[in-house]
Each structure stands twice: as C-alpha cells, then as structure tokens.
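Those protein sequence lines, which keep their order, are chains A, B and C.
Quick note: the first sequence, position 34, residue 34 per the numbering used here, numbers continuous.
Quick note: the second sequence, position 156, residue 299 per the numbering used here, numbers continuous.
Quick note: the third sequence, position 323, residue 781 per the numbering used here, numbers continuous.
Among the clues, some could well be false.
Stated by the list, open to error - No more than 27 Å apart at the CA atoms, straight line, and that leaves these computed lysine-lysine pairs for DSSO-like: (1) K965/C x K665/C; (2) K33/A x K480/C; (3) K229/B x K678/C; (4) K416/B x K426/B; (5) K875/C x K930/C; (6) K250/B x K277/B; (7) K565/C x K7/A; (8) K739/C x K690/C; (9) K452/B x K120/A; (10) K911/C x K926/C; (11) K454/B x K852/C; (12) K7/A x K487/C; (13) K452/B x K852/C; (14) K852/C x K447/B; (15) K565/C x K120/A; (16) K454/B x K426/B; (17) K1070/C x K207/B; (18) K480/C x K7/A; (19) K1018/C x K595/C; (20) K691/C x K755/C; (21) K447/B x K678/C; (22) K127/A x K565/C; (23) K33/A x K565/C; (24) K1070/C x K235/B; (25) K120/A x K235/B; (26) K595/C x K691/C; (27) K229/B x K1070/C; (28) K965/C x K447/B; (29) K229/B x K965/C; (30) K155/B x K207/B; (31) K699/C x K739/C; (32) K690/C x K665/C; (33) K454/B x K127/A.
Stated by the list, open to error - Label pairs and their calculated CB-CB ranges: (34) P134/A x D370/B: 24 to 34 Å; (35) E131/A x R1066/C: 50 to 60 Å; (36) D370/B x R593/C: 21 to 31 Å; (37) E455/B x K852/C: 56 to 66 Å.
Calculated from the structure, these hints are not laboratory results.
Note that the Cβ used here is the ideal one computed from N, Cα and C, for glycine as well.
Okay, here's what each chain looks like letter by letter:
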Amino acid sequence: MSYLAGKELRIIGFLCNWCSYGGADTAGVARFKQPTDLRIIRVPCSGRVNPLFVVKALLNGADGVLVSGCHPRDCHYSEGNFYARRRLEMLKRLLPFLGIDERRFHYTWVSASEGARWQKVVTDFTKIIHELGPLHPKKESTE
Amino acid sequence: MSIERLREAVKKILPEVDVVIGYRQGFDPLHATPYFISQPEQVDQLIWNPLCVQNLCSYLPFLKGKVGVIVKGCDSRTIVQYMQEKLIEREKIKVIGVPCLQVISVKKVMAKIDYQVAEEVAFEGENVIVKTPKETKTIPLAEVMPRKCLTCQLATPLQYDILAGEAIQANKPAEAFEEIKEFEQLSLEERRRYWEREFDRCIRCYACRNACPMCICQDRCVAESRDPHWTSQRANLTEKFMFHMIHSVHLAGRCVGCGECERVCPMDIPVAKIKKKISMDLKELFDYQAGINPDDLPPMYTFKVEEAKIKEHEL
Amino acid sequence: MRVGVFICHCGNNIAGTVEVAKVAEEARKMPGVAFATTYMYTCSEPGQEEIKAAIAREKLDRVVVAACSPRMHELTFRRTVEKAGLNRYFFEMANIREHCSWIGEDKELNTNKAIEAVKIAVEKVKQNKPLFPSRFKINKRVLVIGGGVAGMQAALDCADGGLEVVLVEKSPSLGGMMARLDKTFPTVDCSICILGPKMVDVSQHEKITLYAYSEIEEIKGYVGNYQIKIRKKATYVDWSKCTGCGACVEKCPSRNAYDYFNFGVAPCRAINIPFPQAIPKKAKIDPKFCRQFTKGKCGVCAKICPVGAINYEMQDEIVSEEVGAIIVASGYGLIDLDKLPEYGGGRYPDVISGIQYERILNASGPTAGHIVRPSDHTEPKTIVFVSCAGSRDKSIGIPYCSNFCCMYIAKQAILTKDHIPDSQCYVFYMDIRSPGKGYDEFTRRAQEEYGVKYIRGRVSRIYPKGKKLVVKGADTLLGTQVEVEADLVVLATAVIAAPDARILAEKLHISYDPYGFYVESHPKLRPVETNTSGVFLAGACQGPKDIPASVGQGSAAAAKVLSMFSKDTLESDPQIARVNQNICVGCRKCIRTCPFGAIEEQELRDGRIVAKVIETVCAGCGICNSTCPCGAIQLQHFTDNQLLAEVNALCLT
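Just chain A, with the same shape it has in the complex:
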C-alpha cells in the first residue's frame, strides 16, 4: 500500500537515535501537530547515513528526503555528525547537477529537547515538497 495518492507525497527521514529521533518523540509527547507524509527510519548516528541512502530513496520513489542528527559538537559518538555534515553537503550540491532539485534533500541538526523546532522542520519541509510536486510523475515500471 503506497502513500495516499493525492493527499501525501513520499518523504523519508533518517533520524539519529540520540538527538533527532528523541526530538521527534518530544514533539509527539507535546502533541505538536505535523503533516503525516514523513516516514522515519531510525539510525544510531547521522554519521551512519551514507549519502547513497538518500540517492537510493530519491531514485526509487521518494519525493523528498530529510536527514537529521545531533548538533555539531554534541554527537553522541563525538564525530559522526562532522562526517555527515561534509558528506551530505557534498551530496546537496551534487543533486541539482543531476537534475534533482536540491530542495528535495535537506539535512539539519535537531536535539532531543527541540520538539517545537522539529515540528517546524517537518511542516516546512513537507510544504516545500508539496510545492515541488512529485519527483517521478509517472510511476516508473521496475522491469
């Protein structure tokens, strides 16, 4: 069953377990309303996010991808988000070269206490993706 056509777009988020996933939980606990499009994949650290995961998602049906980790210097594993920052910045600049709007990929840093900020990130990003529309207008056949 795919996302509700006409109502939602496919937005995937890679969230680090210690900060951003906690931030999303905090937003939930505080009942901060958000659009429903986002589907979250939990990773231990933003450093675990190989830029190719973002590419895989975008090429295979995602309309937008979000990566969120701890603020630089606060990484639970000391350095993961430093690597993530470099690699994801490289990817963000590469995507438009290949014809994919760079606004479809966003990486940010949200700590476990920033529930309100998470609400804003999700709401704003979802809005932008809806403005951009689907990335793959026709469902591509896999054969």
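Assemble chains B and C onto chain A, guided by the hints.
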C-alpha cells in the same frame, strides 16, 4: 625527451625492482598497451608517444614487491593520492617521470579519419599523420587533445625518482570548471533529461570502474554485490543511475582527474563530468584538490569542528 | 519466517486517531507475517504474556510491536521475546504513537501511516540477524588523571575498595586548586589543613601508585584493557634522594622564575618546592629560568644539596601502566587577567584575580599571609571585589556561571576584615548564588556581621588615580552610578577548561562542549559517566563546581568503577560493527574515521591486511559502515541491507 633517455632510465632502475611498467605498441597502430618489463631485453620494445594514454599507476596497489612505473603528470596525481590513502608504500615504488604536454584522444582521431582502419601512425612535429585505406590524413595534435590535457598544469610529474627528460612548464590555462558552470546554466529539467539520456546507454560493463585508479575494490564492488544489495542487475535507468551515483560518491574527494573512466567508456557517456563537478565543489568547500599534496587528507574521511564554508541550511 | 505483529491501542493514545484493527488487518497481508493482533496495553504484564503466548502458539520467530517510541520500550520487549526463547534482536518496534497518533488528527492518514510504519518494521525484522553479546576479561586497576581533591577522593575510594590505583598528576604536588586556597567556605576551615590528610593518605596508601609531575602520553586499548603511557617529566632532581630540605631553594641565585603555584603573584627561585605542605615534598628546577640551563654556569644547588640529588642531565621518562578504567579529574583553568582589559586586568598590578588574592591571604603564600598591594607592598584599606569578571558574558564566549565565585568573594571579604579590621570591602555583584548548605547564611554574614558592602551592579571601568584605582560601576537598586576609590581590586575571574583539556579529551576519545568541559552521558541522570565506556569524570573538568560537589563526584566515579569491576567479565553490546574479511580490501578508511580507535589491522595468513573491529571499544555509531566502499564492515542491527529493506519498503512498492 627522447625514447632513448626513457629506455636508459628503465634499464637503470630495472635491477632494483621486480618489474617496470611502461608502454609498448598495442593491437593496432593507434593503440599503446601497458608493458610489464622484467628483463633488460624487453626494454627495446618500450615506446613513448602521445598514444601512451593509459594510467599505469592503477596496477600499483595490487603488486607486491618493488615496482617501477612510468608516469605522466596526470598519472603522478594518482601516486600522490595513493600516498594520501596509504594504498602504496612509496619507498617500494620507483617512479620514472616523463614530461608531457598532451596525449591524444583515440576517439577524436577516429572521428577525424571517418572511423577507417588506421594502417600507419606517425608523429611529426605538431601533427599526427594517420594512413587509412582511404587517405593519409595530417591532423594537428591540438585538435585531438583529450579534455583533461586542455587545462593540464602538470607538464612535469609531481612525483618521480628519475625524470626522463628536462622539466617543462605547463602551457595551459588552469582548470576553471567552465564546462561544469556552462552545464549548470541549463534548466533543472534539461539537466535531468541529459543524464537520463546518457545513463540509459550504459551497459553496466564497468569499464569506467575498472579503469579508475582509485577504485580498488575490484571484484568486491558493491555495485555487483547482494550483500549489501545497493543496486540490482535489472537493466533499467534507475539501476544504471544508481551505479553511477555509487561510483561518483565513492570517488568524492579522491578523483584525480585522470579521465580514464571517460576514455574507456564504450558508450561515450561523459562520466568524468560528474566527478569534475564534485571536485569543483570540494575545492570550493575545503580548498582541496585530490592528488596534489601527499600530506593532505581526503575531505570525506576527515572533518573540522568548524567548517568555514558550510552554512547551516534554512528551510 | 513467521513474523508476529502486535498493534498496541495504548488505551486511547493510539486507538484514538489510528484504526488499530485495520492496521492489524493490513499487517496480516504483508509477506512473512504469520500473525497479527491488537492489544490494549502491550507493555503491561498481561500484554507481554500475550506476546509470549502468541510466539509459542503461532510458532513465531520474529516480532514487531507497533506502539510507542523504541526509546521507551525497546528494552522491555526485547526481554519479553528473549524470555519466550527468541534472540532479542529478532524484534523491532514501529513508532505509531509519538510519530503518528499524537501528531495528527486525520484518522485515514494516520492509519495509513501506521500501516507503513509496521511495514518497514516488518521488512527490517526480516533482515535482522541474531546477535550475541560476548564477554571479555577486565584488568581491575584504575587510572585517575588529576591529583586535586576530586581525583584524590576517587583514588582513595577505589583503593579502599581494594583496587590498585595509578594516579597521575601534572604538577609537582598533589592538591590541585584546593591546596592553593587559604580557607574554605562556608566553614572557614583552613583548606590545606583539611586537604593535607587526604594528600598524606594518597601518598601512603599501599594500593595507590603516584606519578607526580607526570602527564598522560598515550592511551591505547578499550574498557577493561587499557595500555597507558605516562610521561614522567624531568625535574632535574632525583626524587628518590631529595628530602625536601629546601637548602637548594634558599641558595638559588635565580629569583625571577614564574611561580605557577602562586599564579605569578610573586616570583620564585628557579629551583622550587611549590608549597610547604606539598606532597611529594621534592624540589624541581624550571629550566626556563635556571642559570645552569640558560647560561651554562651556576650549579649552586648541586653543590649545596646534602644528598647530591641534583641531576642536570635528567631526561623525561616514559613508563607504561595497564588499567581497566579511567577516571578523569583534570580540573579547571581560570581566564587570564589580560582578557579583562576594561577592568585593568593585566595592566595595573593592583588588579588581581581571586586566586591570586587567595595566595596573598594564605599564611604560607608569598606574602606570609599579610595582605599587601602588589605595586608597593602597602596594606590596602579599601578593597573592591568584582563578581562575574568574564563569567556570564556572551561577548567573550563565556555565557555560563562559574559556580563558586559568589561564595569565595564573601569568604575573602570576611577574611580581609579579619586581617585588616579597619578595612572596607565592596562587592559589585549581579546576583548572589549561594545554593549549598550554609551558603546563603554565609553570604548574609559577610554583609551583616562583617560590614561588606554589596552593590548590585556591574563595573564599567577601572582606572588609576594617583596611587588608587577608581572603580566605576552602577548601583541598580539605588538607580545611581557609583565610584569607589580602591586600594586593591580583586576580579572573580571566570572558570574555563584546563589548559590542555581538549588534547587530553582526544587521547581519551571523549567529547567536550564548546567551552572545553567534558561531556557527560546524560546531564541529569549520568553526570560522572561519559559516552566512552570505561572513562568516568569527576570534578570541575566536567563543569565548574565547588569542593563538596567535586568530592561527591570523585566518590561517584569510584563507585561506578567499583561496580563495573564487581564482575570478572564485562558484556559487550553486540550492536557493533563487524568486518566480513572476505570482502575487506584493506583500504583502512574505516580505521582512520573511527572516532574511538575501535578498528585495527589484521594480517591474514595469506599476507592480506584486513580490518578487524575491537568489539569492546566499538560504540556502534556506524561511521565506518558509511565510509567503507565495499560494504565489508557492517554495523550489526543497522546494516546496509537492513536499512535498505526499510527504504525499499517505502519506495519500491
């Protein structure tokens, strides 16, 4: 630089190494081929001319023992990058540097001679003279220069133990990534259609990957693996695009611009363009160029706590 | 494969906006799912029993629970499935509460989202592999870095608990900052008198090996098995012979050496014993000021020394120790006076820092306890204290409060009145922070009994006027500007991280915050642990704090170590990286990017070099996994295939 001088240099280091990698005549007059010399008698077959396009350094990470290798300026960046990544032990390599102002692109020559069979090839002055069944064509070397030679700053190699010739100055303008900037003037849709068209021709032969000196995973490449299963063997655009993304992202900050990938592609896909775009971005972000300084760290494998050029993105 | 899916109502928390029955219905259709049901409160005891019963009855081999956040109950349910006989890693949670039912109201959209959350959890759990923690032996010795009050307390508690302790102190003597204090608040106890016995206990304890004037050179290994290299710095005096008689100090002709212990209040001799109660009480030569070193001729101390302990040829020595745990108690630093030029810091000799004033007050200090102005050695009558000199100031990058300055200013003002009965002290303050036991009563005493004038306002400028210093500030309670002509100004300089804190942190693989203070595991619940297992924190290195807090943390860190060592082996978390050595090409990128040094090279029998994960050090971040070009190193439980299964479940279908 004379061929004699090169052969002298090879004979000189041969006793100190197990093998010297150079070039000899290939399967047809328009091709040179890598040549593994272990005996002095073999040295006479060594050649040096603008057909010597292959990057011979690609063999180095896989050869044990002491190895000699002939490098042009562009190839020497590979050696430096290997030193940065500690993929070779520099003391075990004897580098014979050869000053070079350009090689030729066989694809361009073939276009000039109407894809006739080349029966004889000679180099005279600033021209290459190709004899085909149809005609004998004199082609100015400058007209069949591969793209990488147009902005080459390394007429004399960066690394060498012996220089087989006089050191020469580069005579080309520095890389300004004009090609990339021009491409970025196209609309997003145009760019997307361009790459979809180009990648659609890909036959997953992996020649680009195999020719790349920095791709050392060889038979363990993730593009052909089920564990992890990043891309399937389905022959559709998505999987082809994915393969090229894997290759390019793995080369981010490591591509030394030797152009081998594009040279060997049987489908003439401009694969080097993507790597050049990434190199351009990394130069701007981290002031880094691959294969220049052996003490550098490739930018994707290091970090700074404060990144001067990376600003936090607002939505 | 038979996956069981359990959708939790969580009362109305989930069922209120998600049609749980529909989610279960759709789950049953998912490939690999053999059983799906809903339950009111899955985490409750009957809920867990239900899961165990279903596993047995339906012969399930993997379980998905769709409920609250895994950060809440993953551990709970892992134990449940383990009790039912499954490996605990054959379990996944789908977050349909915090990330779904609580943040949306549209039932159709929420239900759909919940179904997809279940789908990706099912696809992930199908890729999960059983993981087994391994056990490894530990070396029950502990390294304590720092011989201040926190470090000494930690060392004593560990040693009294039966452990062998290696204590490394950077300066020539134990004691840290507390040894420099004259008296301590709020009891006005003589600082060295209460600290001295602890110092003696440490030096005499049979289980404590003390390396004074030594620093940590290198740390290798992992929790339970560290190999430490310690640099014993050259003192140029053979401490096995030196008796601390002080004859050398008396006769040393070089009198202008910088006195580190006294924070430069007055110069000292090039050969020096830091303070009378120093332990070890041994002399040390500062080669920067010693004439034998700078000019090549003197040798007076060598001639004078009755036991021939002087050795100008001494070199640094590297010694090795092996320990199982590390307690970091490296203390703090203070901001330089010349960072406060608007207060005349670094410009006027009579503007000094709190610690310098403490040394002046101290009877064994450079002025023998007589309060004198550094400029002309006369006795000051009007002394002005400036609180928050540097602290709580965003503009110089120190937005935090330094914790104890309010208290020591009150103490120093009280002592000043005791020393000089006709003196008048003024304190310019923003707030008075006196939270501890007896603290507020103490600051009140300063005002009421000792007549210290507290002025609520900041100082804007201090400038000389004749022999005095004009302190210009505001009195916000009266709403006026104030000028005080002071003889001596004491600035409560801000607490900063110790000078080499960042370098030490990198050797230990622990993180530090933007100010250089070490980061604890959890600011509320785990203040003495770090995210690097085996390394614990105590004292001001973790953040500015006073003596009782430091002592408390010293004991807390020791308790953590003792409890860690209460078993003979430690269990390692199996959610760590593992190398498939058949695929590894030996490029070593993983080794270079690992923040913990958890990966090493291994030479295989055929001569190939491949990577190998040191299981006990790996923290499970996965940087290596995303760095590895060939996918040889995989973070277990978050492997590429497992994450790709989730991506593919969302995108390809």
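- Task: For the pair supplied as a hint, K33/A and K565/C, confirm whether the alpha-carbon distance does not exceed 27 Å.
- Result: Holds, because 13 Å separates the two Cα atoms, which is no more than 27 Å.
- Query: Holds or violated: K155/B with K207/B, Cα cutoff 27 Å?
  - Reply: holds (20 Å)
- Task: Take the C-alpha atoms of K416/B and K426/B, compute the straight-line distance between them, and say whether it is at most 27 Å.
- Result: holds (15 Å)
- Message: Run the distance test for K852/C versus K447/B: straight-line Cα separation, threshold 27 Å.
- Response: holds (23 Å)
- Item | Pair hint K447/B and K678/C, alpha-carbon separation not exceeding 27 Å | Holds, at roughly 23 Å.
- Query: Is the gap between the beta carbons of E455/B and K852/C within 56 to 66 Å?
  - Reply: For K852/C against E455/B, whose Cβ atoms are near 19 Å apart, the range 56 to 66 Å is violated.
- Message: What's the verdict on K7/A and K487/C, does the C-alpha distance respect the 27 Å limit or exceed it?
- Response: holds (24 Å)
- Message: With the threshold set at 27 Å, check whether the alpha-carbon distance from K127/A to K565/C stays at or below it.
- Response: holds (20 Å)
- Pair hint outcome, K480/C versus K7/A [Cα-Cα no greater than 27 Å]: holds (19 Å)
- Query: Is K965/C close enough to K447/B, meaning Cα to Cα at most 27 Å?
  - Reply: holds (17 Å)
- Query: Does the alpha-carbon distance linking K911/C and K926/C stay inside the 27 Å limit?
  - Reply: Answer holds: K911/C to K926/C is near 19 Å, not above 27 Å.
- Message: Just to be careful, I want the Cα atoms of K965/C and K665/C compared with a cutoff of 27 Å; is the pair within it?
- Response: Holds, at about 25 Å.
Taken one by one, the earlier hints fail for this structure at numbers 25, 26, 37, listed in ascending order.
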